[in-house]
Structures are given as C-alpha cells and as structure tokens.
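Asker: Quick mapping for you: the protein sequence lines, in order, are chains A and B. Residue numbers for the first sequence follow the working numbering, beginning at 1 and rising by one. Residue numbers for the second sequence follow the working numbering, beginning at 1 and rising by one.
Hints in this document: simulated from the structure, not taken from any laboratory. Nothing here was measured: the structure is a model prediction, and the numbers come from that model. Treat the hints with caution; some may be incorrect.
What the simulated footprint calls covered on chain B by chain A, stretch by stretch (three residues with Cβ under 8 Å from a Cβ of chain A suffice, anywhere in the stretch; the number is not a length) [stated by the list, open to error]:
(1) 42–52
(2) 180–186
(3) 191–200
(4) 261–274
Taking CB as the label site, the calculated pair distances span [to be verified]:
(5) Leu-9(A) to Gly-307(B): 19 to 29 Å
(6) Leu-35(A) to Phe-15(B): 18 to 28 Å
(7) Leu-9(A) to Leu-357(B): 47 to 57 Å
(8) Leu-9(A) to Leu-152(B): 28 to 38 Å
(9) Leu-285(B) to Leu-3(A): 16 to 26 Å
The C-beta atom is built at its ideal place from N, Cα and C for all residues, glycine as well.
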Amino acid sequence: MILFTIVSLVFPLMSLAVAVLVLGQTVSYVRNEVLGNGPSTEGKEGSL
Amino acid sequence: MSLSTLDYAIIIVYFAGLALYGVLVRRIRGFGDYSVARRRVPTSMIAASLCATYIGPGYSLGLAGRAFTSAYLFPLLFLGFSLQTVLVGLFVAPRLTRYQEAHSVGDVMGKLYGREAQVLTGVISAGLCAGFAAVMARAGGQVLAGVLGLPLWAGVCLVTLVGITYTYTGGLKSVIATEALQFVVKVTAVSAMVLAARSLVASGNQLGDAALETTWKALSTMKPLTLLGLVLSFFLGETLIPPYANRALAARTESSSRRGFVLAGLFSIVWFAMIGAIGIIGSRLLPASTPEDRAFVAVAAKALPSGLFGLLVAAIAAIVMSSQESVLNAGAVAVTRDMIGTLRNLSDHGSLVLSRLLTLTLGLVSVFMALRAPSIIDGLLICYSLWAPSVLLPLVWGVMGLPTRRSTGLAAIVGGTVGSSLALLGHVAGGDTPTALVIGLASAALAAGLAAVVTRQRRSA
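Looking at chain A on its own, in the form it has when it is part of the complex (with noise of 0.2 Å):
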C-alpha cells in the first residue's frame, strides 16, 4: 500500500513540482541563449 502510494501520488506530485522548475529555466534559457536577450546565464549553474 505504501509503495503504491508513493508511486501514484508522491511520484507524480513530485514530478509536476520538476516541471514547473523546468518551465522557469527554459524561459530563462529561451532569453537569454536562444533570443539573445537579458543577462547571460554564465555563472548560474548552481540553479536547478
């Protein structure tokens, strides 16, 4: 029962939380290496 619970609920909480931090850094990613605009992503590896 636990194993199922983590995996049909934890897992896929857990995962909607990953795609909403992926969401931010393509956004940031798309301005600023893709479009060319804002500031450069050098030096922010630590993020994510």
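Following the hints, position chain B against chain A.
Answerer: Below, chain B alone, put in the same frame as chain A:
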C-alpha cells in the same frame, strides 16, 4: 477513445502554441548551432532535454504495454537505464565534454582510433538514428491513426513531417529549447493521468499481489540467456547513443554535463515507476485482449476527463516529436561530419545545408522503415543490439583514457557489428534479439583481443 470538442480545442491550442514558439526559437547562425548548440547549454537544459529524448514512445507507450502484460518485470529491467545514465554522468560524460572540437560520436571515435573508425561510426550512427526514428514514427502514427481514424501510413507520415520540419529549421539549440517545453507538457499530462488512474482502483494491496504473481509468471517463462540479454540491453543499449552524446558535447562545462546526466538518470526512476503503474492499473481496467502498445492510451481514455485527455494526446505528440527531432538531428550530423566530412572539406554553411537535407532524407527513410517496424519495445531492442556491441565498447574504453590502438578499435567495431547482425538475422541463437546483444558484445571483445595480440606479436617481431 473518441475526442470531445474540448479535447480538440486543447490539441489545436497546443500545436498553435508550439508553432509560435517554434518561430521564436528557430534562429540558426551556423553548423555549430545545428550540431552542438555552440557548446553553451546549462545543466537544467541538458537534464530536461535528455529526459525529453529518452521519454520517447518506448519509455512511455511501450513500457506501459509491457507492464500491462508482465507487471513489474520491465519497469525493473528499465532501471538498468537509470543506473547507466547516472554512471555515465559521473564517469564518462564529463570526459566527453573535453572533446571541444567534436560535433558527433564519430568525431570522438576518429580522434581515438582514426578516420576509418570515424566513418564506420558515422554509418552505424546514421542507421541507428533512422531505426529509432522509424520506431517513434510507427508508435506516434499508431496513436494518431487510433485517435483521428486515419490509416497507419497517414499517421506515420504526419508525425514524421512535423519532426522533420522542426529539426530541419531548428538544429540542436532550438531542439533543446523545444524539448524542454515538451518535457513540461509530457510530465504534467502523465502525472495527471497517474493521479486520475489511481482513483479507479479500489485497493492498492490487491493490485500489488496480482502484479507480483504476473511478474513471476513472466519471469519463469524466460530463458536465462534472454534475461541476461534484456538486462544488458536496457543497461547498455542506449548508452551514449548519438543524441545523448551530442548533449555531453553541447554542455557548457564538464560539471553541467555531469549534473545533467545524473539528474536525468534519477528522474528516469520516477518516470519508469509512474509508467509501470499505468500499465499495472491497466491490467485491472482493460480486457486482456487489448494490444500491449495501446494499453497506455486505453487507460488514459478511461481515467481522464474531457480536456485532460486532449492534453494527454498532445503529450503523446510531444513524446514522439521530441525524441524524433533528437535522433533525426543526430543522424544528419553523423552523416555530415563522419561520412561526407571525412572525404571532403565542408564550409560551415555547406555543413549546415547538407545537415538539413540529410534530416529530410533520414526522415523519409524512417517512414518506409516505420511501416515495417515491429512492436515498440522489440524495435528498440533491435537498435540496442546493434549500437552497444559495435561502438559503445571502444568509445567508453578510449574516453576513459585507456590505451587505444587503431587496429583494436576497428576490430571491435567490425567484430561487434558482424556478431550481432548474424545473431539478429537468425544465423546464431535463433534470431532472439536480446541474445544478439550478448553475442555481439562477446564478438567485439574477442575481435579486439585478437587484434591486440596480433599487433603486439608483429611489433615484437
């Protein structure tokens, strides 16, 4: 499995948004953008794009189908991939990032074992990428055909056409930016699907007991050599295949390469568990006669309300497209750099134009192959049994800094390819695909060993 108006609306909004996003990010300044994204990709994007690439039809629709028929067996075997990705991240990918002049796996092999090894790696890489693209096109085509009522060939052509358009215009830089967004869509839709599907099963305990019984049953019918082949296939089969290796080459630093691979490997554990759960829940909800590759969509149709099912269909399109984009890009770069680039000097602009044309060609080849491809997992296993025995052994050996000789590298590539091809064609071990990988690896090791002995004897004589 029919779509409501809301589902159609969500799919249209998704594709319109993707097209708009595509226009925004499709800026290419040269071959360096197309092949390795100017080597400026940070950790988060390396991890997200690796996840988006490995979460293809095999690691979603295919795995759910195998969990539907054999419960925990395949989700557990897939953990070999997770372990491999973490190990590659810790020990191999950062070393690969040091090859600052390389644009492809073949470039690295060329530096380690000479031009012939580069050309052979290019041929194998291109064939492998076309094979992967075919498996993905077939899987995506099947889903589209089922949902939209199209014939299979039309679904395959539609999926591949979108993949070609994205890769043709974008290259790796835009592929990575698009993949990260598609990763978000896939993860959101599949997480929602797992949460919805869990509410349809009364008891987790009963489900777990039945799944355990099914797992033992599936395991007991498997020959030991086939099981060993499957373990090795999922551990080695996708190790440093061209699209993954290209991300290591595109990483900004060794540290971002290491962390990107490790994070992607860890996330795959969570992903395989969720997809396995979908298949196992499906074994309770669906008739046993459901074809395994359709189990994923069938569970979604039962579990998801109108609107969310549309998002799931969009996510399946994302699953196919993001993986297909990566393999088409990697295949085109392999032919440009490792086959044509070794025969004549190409300018940056010439390489870019050629890569785009090759993307188109590989896409068309993959359509023809897709119409003859077997089930998703079987198709992937064939690709695995060709890659790991041929290129992987000499690549990892050389990248780890062990002594390399031109003759041993070539012998390993040729020996592994011949061994696994003979096994796949049924001349050895009755054509059992997982066994072909074991035979191919043994042939590669034997051929390299023999070449080393002969070279040493010649030198001492």
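Asker: Hint numbers the structure violates, sorted upward?
Answerer: none
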